[in-house]
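> Residue numbers (our numbering), protein chains in the order written: chain X, 1 to 471; chain S, 1 to 269.
Don't read these hints as lab results, they were simulated from the structure. Do not take every clue at face value.
Said to hold, decoys possible - Quick look at which bits of chain X chain S covers, simulated, 3 or more residues with Cβ under 8 Å:
#1 322–332
#2 435–447
Unchecked claim - Straight-line C-alpha distance at most 20 Å; calculated DMTMM-like pairs for lysine to aspartate or glutamate:
#3 LYS67/S / GLU307/X
#4 LYS377/X / GLU207/S
#5 LYS67/S / GLU391/X
#6 LYS27/X / GLU159/S
#7 LYS197/X / ASP185/X
#8 LYS197/X / GLU125/X
#9 LYS197/X / ASP286/X
#10 LYS27/X / GLU38/S
#11 LYS27/X / ASP81/S
#12 LYS192/S / ASP286/X
This one's a predicted model, so the numbers in the text were calculated from it and none came from an experiment. The C-beta atom is built at its ideal place from N, Cα and C for all residues, glycine as well.
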Amino acid sequence: MRITTPEFSANAKAALADTDLQDALAKLRAGFTERRSKATERLPEFDALCDQARAIKDHVLANLDDYLVRFEARVIEGGGEVHWCTDAAEARDVVLALCRAAGAKSATKSKSMIAEEIALNDHLEAHGIEPIETDLGEYIIQLAGEPPSHIIAPAVHKTKEAVADLFFEHHAQYGYNQRHEEAADLLEEARQVLRSKYFEADVGITGANFLIAENGSIVTVTNEGNAELTQILPDTHIVIASLEKIVPTLEDATTILRVLARSATGQEFSSYTTFSAGGRRDGDLDGPSAFHVVLLDNGRSAMLGGEFQDMLRCIRCGACLNHCPIYSAVGGHAYGWVYSGPMGAVLTPQLIGLEAAGNLPNASTFCGRCEEVCPMKIPLPRMMRRWREREYETRLQPAVSRFGLALWSWFARHPAAYGLLTRLAARGLALIGGRRRRIGWLPGAAGWTAGRDLPAPEGRSFRELWAAGKR
Amino acid sequence: MTDLNQDQKEQPRVGLFVTCLADLFRPSVGFAAARLLEEAGCRVEAPLAQTCCGQPAYNSGDRASAKAIAAQVIDAFEGFDYVVAPSGSCAGMLRRHYPALFAGDEALEARAIEFAGRCWELVSFLHDLRGMRRVAARFDGAVAYHDACAGLRELGISEQPRSLLSSVAGLTLKELSAPETCCGFGGLFAVKYPDISIRMVSDKTKEIAETGAETLLGGDLGCLMNIAGRLSREGSPIQVRHVAEVLAGMADGPAIGPDIGPAVEEGDS
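Required output: the full structure, derived from the provided sequences and hints.
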């Protein structure tokens with residue numbers, strides 16, 4: 001997919017003018033935040049569980065190599081295979097090779113952000129394998145040819161009418177010629193279309209919410225049951241997961257599960273939470289005969305021990321998106337790549353480079369709501385600031401803002417000169433403000449005055465008045 | 001215990017951190033803060049070696065300048081029992097971020113931590129530390145209170161201003177429907193991402209109007225100038241003031257921004 005993070009501002013402007021998107025975002029804001037708040041209120045030990053969950057992840061990150069090796073050993077014992085992939089290209093190639101080895105013409109997929117991160121669908125399609133998204137939201141955006149706009153609600157920006165159009169256009173080939181408008185009818189049609197795809201697919205690809213080191217299991221969390229059909233019906237099951245998904249024990253996974261759904265959708269538990277321990281064993285009635293785990297690094301191991309390590313605690317619940325005033329103003333597509341909202345603002349520069357993604361950590365008021373609702377207590381604002389520091393250190397910011405900042409900070413470090421400057425500015429701006437004390441336009445402050453006035457100063461600086469003895 | 005010590009205990013020496021916005025745009029906030037601190041039994045001084053807390057540099061990634069400014073602030077307020085700012089954002093910077101800024105700095109980390117421990121936001125200082133529960137002020141009308149993000153989340157300021165405002169004669173407090181949502185100021189964010197910022201502040205002014213309040217109060221001039229500037233552009237009659245002006249009984253002067261008639265169109269292009 002084309003990366004448009006450098007055009008964040010233009011994307012945002014378009015998003016703000018998109019009324020369908022704005023309606024969807026208003027619903028999202030009201031729905032998810034309220035449900036999360038009720039779910040956490042109902043569980044008195046929620047904060048304590050978050051602390052436990054955070055401690056589990058911190059422990060894992062401090063011993064990641066050890067747990068990954070243990071996980072691999074258990075997978076191999078169960079007859080499966082683990083493929084260690086350094087970057088997106090390697091992971092794509094491994095998945096393609098596995099699909100080819102299975103003689104696959106099509107592969108069903110349950111929702112996976114890692115698959116988005118490595119742009120797997122494009123790769124499979126380009127090599128003659130049809131990928132079929134089975135999560136309803138992912139299926140909708142696959143038909144639309146769009147990336148997800150939310151990590152847990154990928155098609156949240158699509159109206160019912162837009163979905164009706166997409167289904168009408170794409171389902172004619174399966175003999176559906178009626179344009180449905182009711183949500184239930186649309187759902188039923190998608191269900192019917194996908195049902196046959198499940199049986200035709202030679203390979204099922206899922207993500208994983210957890211990889212469990214003690215027994216080599218993987219855990220998927222969905223509300224549609226699609227991950228279950230995806231992994232159990234085809235003969236080959238490929239799991240794609242990034243390496244920080246590991247937890248030591250089943251117990252640890254269940255601890256984190258208790259905060260995951262509550263933080264995400266406000267559910268106590270998602271409708272389907274499946275633990276699967278590899279392929280079919282002797283005596284099993286069903287299940288895939290081949291089980292592969294594609295473990296993706298893609299820059300994550302470089303975050304270990306560094307300033308962005310805490311980001312690897314993220315469990316992709318989406319609470320930071322749902323509560324972010326920037327995300328809820330512009331939606332996910334404005335962020336220009338796979339991950340959006342505060343978690344995307346921290347993770348994206350690591351994955352695609354700060355030069356392309358510099359806008360993202362800057363587009364924050366540091367209101368702190370994201371860190372407040374994050375079940376893993378990831379210091380998102382602090383890390384966004386750290387990216388800004390990297391930008392400053394590597395001189396990526398525009399020369400004019402660097403110069404402005406340098407000039408301002410020179411004055412701030414010279415109190416006498418600063419006092420003179422504010423004295424003059426207080427008078428000057430008050431004059432411009434005039435009798436009505438409002439400034440509708442000011443050179444260099446176009447961003448401020450584009451949609452609001454600048455209240456004019458009172459006319460004398462505090463320092464001046466205080467020094468003159470006013471009390 | 002000598003008389004002098006007793007005197008110091010009862011009359012702490014407070015350095016007023018005026019904030020750069022109050023210094024330039026609204027000195028009356030500084031004077032209101034000084035009056036409230038005196039009412040709370042403090043001796044107030046405003047050292048002239050102060051300029052700004054350094055947040056613009058800190059949040060723009062210029063850590064070296066932020067540290068230089070922070071070191072200067074710490075020096076300027078050496079010897080004060082407390083440092084009090086009429087802003088949750090600046091107080092949060094002094095109290096929460098200075099120690100982080102100097103973490104691992106042998107020369108200054110300990111000083112920054114000690115300094116941070118003396119720093120307070122005005123209303124929480126009056127309420128929590130000085131035990132102020134009532135003010136003598138009068139302010140007639142319905143007011144809404146805007147919780148500024150840094151004060152709310154970095155310093156836990158929420159109840160204190162409401163408690164003190166409830167003692168103001170004639171004042172009725174209205175609650176916003178989304179008090180935890182940012183107004184879209186965010187320092188340089190407002191200038192760098194104006195479209196988003198203006199959407200956010202427009203949502204906030206709508207929310208304020210829905211309360212029916214005639215006046216909006218808050219504890220941070222950044223947010224207040226953002227909100228007042230938007231209300232002014234919308235031609236709204238709602239007035240905006242810093243909470244300290246009302247608590248100090250000094251709200252008889254003009255409000256922030258224009259308070260007469262709707263906005264004129266000259267700069268709206």
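> Run every hint past the structure and note whether it holds.
Tested hints:
Counting residues of the region 322–332 of chain X whose C-beta lies closer than 8 Å to any C-beta of chain S gives 4; at least three are required, and the coverage claim holds. Under the rule that three or more residues need a Cβ within less than 8 Å of chain S, the assignment of the region 435–447 of chain X holds, with 9 such residues. Of the supplied pair hints, the one linking LYS67/S and GLU307/X holds, its CA atoms being roughly 19 Å apart against a limit of 20 Å. Simply put, LYS377/X and GLU207/S have alpha-carbon atoms about 29 Å apart, too far for the 20 Å limit, and the pair is violated.
Proximity of LYS67/S to GLU391/X is assessed by CA-CA distance (about 17 Å); at most 20 Å being required, the pair is judged to hold. Between the alpha carbons of LYS27/X and GLU159/S the distance comes to roughly 30 Å, so the proposed pair goes past 20 Å and is violated. At most 20 Å may separate the alpha-carbon atoms for a hinted pair to count; LYS197/X and ASP185/X meet this at roughly 19 Å. Straight-line distance between C-alpha atoms of LYS197/X and GLU125/X comes to about 16 Å, which keeps the hinted pair within the 20 Å bound.
In summary, the hint linking LYS197/X to ASP286/X is supported, as the alpha carbons are separated by about 18 Å, within the 20 Å threshold. Annotation: proposed proximity of LYS27/X to GLU38/S is violated, straight-line Cα distance about 48 Å (limit 20 Å). For the proposed pair LYS27/X and ASP81/S, the alpha carbon gap of about 49 Å is over 20 Å, so the pair is violated. With a C-alpha separation of about 57 Å, the suggested pair LYS192/S and ASP286/X falls outside the 20 Å cut-off, and the hint is violated.
Hint violations for this structure: numbers 4, 6, 10, 11 and 12, all remaining hints satisfied.
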